[in-house]
Amino acid sequence: MKFLVISIISACLFVSGCSEIKKSLHTVVDKEQQVFPKASVGKIRPTLRFPSHNIGERNIFVWIPDGYREAVKSGVKFATLYMHDAQMLFDSNITWNNQEWQLDEIAHSLINNQETIPFIIVGIDNAGDALRYVEYMPQKPFESLSEELQADLIAKSSPTGETVYSDRYLEFLTGELKPYIDRNYATLSEREYTYVGGASMGGLISWYAVAEYPDVFGGCICMSTHFPGGYDMQDWTIYNAFEDYMKANLPVTGSHRLYFDYGTQTLDENYPPFHDRLRRTFAQLNADPDNVNIIKYDGHAHDEVSWSSRVDVPLKKMFN
136 MKFLVISIIS
146 ACLFVSGCSE
156 IKKSLHTVVD
166 KEQQVFPKAS
176 VGKIRPTLRF
186 PSHNIGERNI
196 FVWIPDGYRE
206 AVKSGVKFAT
216 LYMHDAQMLF
226 DSNITWNNQE
236 WQLDEIAHSL
246 INNQETIPFI
256 IVGIDNAGDA
266 LRYVEYMPQK
276 PFESLSEELQ
286 ADLIAKSSPT
296 GETVYSDRYL
306 EFLTGELKPY
316 IDRNYATLSE
326 REYTYVGGAS
336 MGGLISWYAV
346 AEYPDVFGGC
356 ICMSTHFPGG
366 YDMQDWTIYN
376 AFEDYMKANL
386 PVTGSHRLYF
396 DYGTQTLDEN
406 YPPFHDRLRR
416 TFAQLNADPD
426 NVNIIKYDGH
436 AHDEVSWSSR
446 VDVPLKKMFN
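The sequence shown stops at residue 455 when you use my numbering, and every number in between is there.
You may find that some hints are simply not true.
So the derived label-pair ranges between C-beta atoms look like this [stated by the list, open to error]:
id	residue 1	residue 2	range
1	407	178	33 to 41 angstroms
2	399	421	27 to 35 angstroms
3	204	451	19 to 27 angstroms
4	204	411	41 to 49 angstroms
Straight-line C-alpha distance at most 30 angstroms; calculated BS3-like pairs for lysine-lysine [as the list claims (entries may be wrong)]:
id	residue 1	residue 2
5	208	451
6	452	275
7	382	451
8	452	382
9	275	382
10	212	173
11	451	173
12	178	382
13	212	178
14	208	178
15	431	451
16	382	291
17	291	275
18	431	212
19	178	451
20	208	173
21	431	452
22	451	212
23	431	382
24	452	173
25	452	208
26	431	275
Because the hints were derived from the structure by calculation, they are not lab data.
Glycine included, each C-beta is placed from N, C-alpha and C at the ideal position.
Whole structure, please, built from the sequences with the hints as guidance.
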């Protein structure tokens with residue numbers, strides 16, 4: 136179960152919009168065409184058209200492990216992982232590429248084998264190809280870019296002309312969705328039991344969530360993070376804005392658990408220099424090596440098969 140020619144192809148892939156690489160994801164706008172995931176183990180509880188003053192309606196899918204009800208009756212509470220791109224997490228039968236993260240199977244195995252504490256997964260649908268970039272792009276670093284570069288990125292990434300609104304997305308996540316989850320599920324609501332994760336652009340919004348809300352999130356899972364930030368894989372301008380912001384805001388010396396990784400194939404082949412630079416930056420900031428990790432996976436690609444094959448590593452780091 137379950138998100139030069141080379142540069143052009145790679146650049147298209149990270150925004151989920153290149154027809155040469157893949158078909159578009161189903162958007163949450165077309166309710167009649169929406170297909171919902173089924174779990175192989177555990178259960179998925181859908182909350183459809185979850186209302187938000189910040190981003191409009193959004194479909195939410197909460198995975199709970201087998202034995203959840205019985206555990207709750209006995210007083211057990213669960214940690215929580217908030218994951219972006221819910222369309223790709225649980226069920227390959229409904230994904231554009233017939234791949235998935237297999238998060239239900241992997242979480243089930245880790246919990247049953249007592250390799251992690253019990254946790255639930257809150258999958259948040261992305262807003263579709265037209266808005267995914269502007270929803271996941273870290274807003275404050277984006278707004279520090281030149282107006283010319285901002286306009287160029289919006290022209291290439293946002294068919295509707297919508298500008299970056301990830302601050303509103305995080306307000307939705309922390310101020311609307313999390314309170315709902317904590318009211319309706321048996322959660323350990325404290326920071327040290329609350330994590331956020333994603334891949335590619337989902338990796339960007341995950342570390343940004345921790346930087347913006349360090350009292351809400353205890354850490355992040357950032358896989359194959361698109362640190363180039365735009366379409367030019369050799370341009371460091373956007374990364375430099377990310378780095379300046381991270382230096383000032385990302386908690387790297389305390390108890391927060393920050394996990395980054397990357398592969399070496401397809402779009403990920405562009406990522407090693409950026410993660411090498413990030414590794415040096417974290418060292419200069421005296422980041423805690425027990426809590427802050429950057430891991431390279433040779434031969435891994437920018438796809439759900441690769442992420443599924445290694446997501447147990449950060450899950451064990453977050454929920455040990």
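Now for the hints, and whether the structure bears them out:
1. Restraint check, residue 407 to residue 178: a C-beta distance of roughly 39 angstroms satisfies the suggested window 33 to 41 angstroms.
2. For residue 399 and residue 421, the Cβ-Cβ distance of about 28 angstroms falls inside the hinted range of 27 to 35 angstroms, so the restraint holds.
3. Checked against the hint of 19 to 27 angstroms, the C-beta distance between residue 204 and residue 451 comes to roughly 25 angstroms, which is consistent with it.
4. A C-beta distance of roughly 47 angstroms is found between residue 204 and residue 411, which places it inside the suggested range of 41 to 49 angstroms.
5. With a C-alpha separation of about 26 angstroms, the suggested pair residue 208 and residue 451 falls inside the 30 angstroms cut-off, and the hint holds.
6. As the CA atoms of residue 452 and residue 275 are separated by approximately 28 angstroms, the hinted pair is consistent with the 30 angstroms bound.
7. For a cut-off of 30 angstroms, the pair hint linking residue 382 to residue 451 stands: about 26 angstroms separates their Cα positions.
8. For the hint pairing residue 452 with residue 382, the CA-to-CA distance comes to about 23 angstroms; that is within 30 angstroms, so the pair holds.
9. With a CA separation close to 13 angstroms, the supplied pair residue 275 and residue 382 stays within the 30 angstroms bound.
10. A threshold of 30 angstroms between alpha carbons decides the hint, and for residue 212 with residue 173 the separation of about 24 angstroms falls inside it, so the pair holds.
11. Only pairs whose Cα atoms come within 30 angstroms are accepted, and residue 451 paired with residue 173 is accepted, the gap being roughly 24 angstroms.
12. Of the pairs offered as hints, the one joining residue 178 and residue 382 is violated, with about 40 angstroms between alpha carbons and a cut-off of 30 angstroms exceeded.
13. With a C-alpha separation of about 17 angstroms, the suggested pair residue 212 and residue 178 falls inside the 30 angstroms cut-off, and the hint holds.
14. In summary, the hint linking residue 208 to residue 178 is supported, as the alpha carbons are separated by about 17 angstroms, within the 30 angstroms threshold.
15. Proposed proximity of residue 431 and residue 451 is supported: the alpha carbons are some 17 angstroms apart, at most 30 angstroms.
16. Note on residue 382 and residue 291: the hinted pairing holds, with a Cα-Cα distance of about 28 angstroms set against a maximum of 30 angstroms.
17. As the CA atoms of residue 291 and residue 275 are separated by approximately 19 angstroms, the hinted pair is consistent with the 30 angstroms bound.
18. With a C-alpha separation of about 34 angstroms, the suggested pair residue 431 and residue 212 falls outside the 30 angstroms cut-off, and the hint is violated.
19. Proximity of residue 178 to residue 451 is assessed by CA-CA distance (about 21 angstroms); at most 30 angstroms being required, the pair is judged to hold.
20. Under the criterion of a C-alpha separation no larger than 30 angstroms, the hint pairing residue 208 with residue 173 is consistent with the structure, at around 25 angstroms.
21. Under the criterion of a C-alpha separation no larger than 30 angstroms, the hint pairing residue 431 with residue 452 is consistent with the structure, at around 16 angstroms.
22. Simply put, residue 451 and residue 212 have alpha-carbon atoms about 18 angstroms apart, close enough for the 30 angstroms limit, and the pair holds.
23. Restraint check for residue 431 and residue 382: satisfied, since their Cα atoms lie roughly 22 angstroms apart, inside the 30 angstroms limit.
24. Restraint check: the Cα-Cα separation between residue 452 and residue 173 comes to about 27 angstroms, which is no more than 30 angstroms; the hinted pair holds.
25. As the CA atoms of residue 452 and residue 208 are separated by approximately 28 angstroms, the hinted pair is consistent with the 30 angstroms bound.
26. Proximity of residue 431 to residue 275 is assessed by CA-CA distance (about 28 angstroms); at most 30 angstroms being required, the pair is judged to hold.
Hints 12 and 18, counting from the list given before, are not met by this structure.
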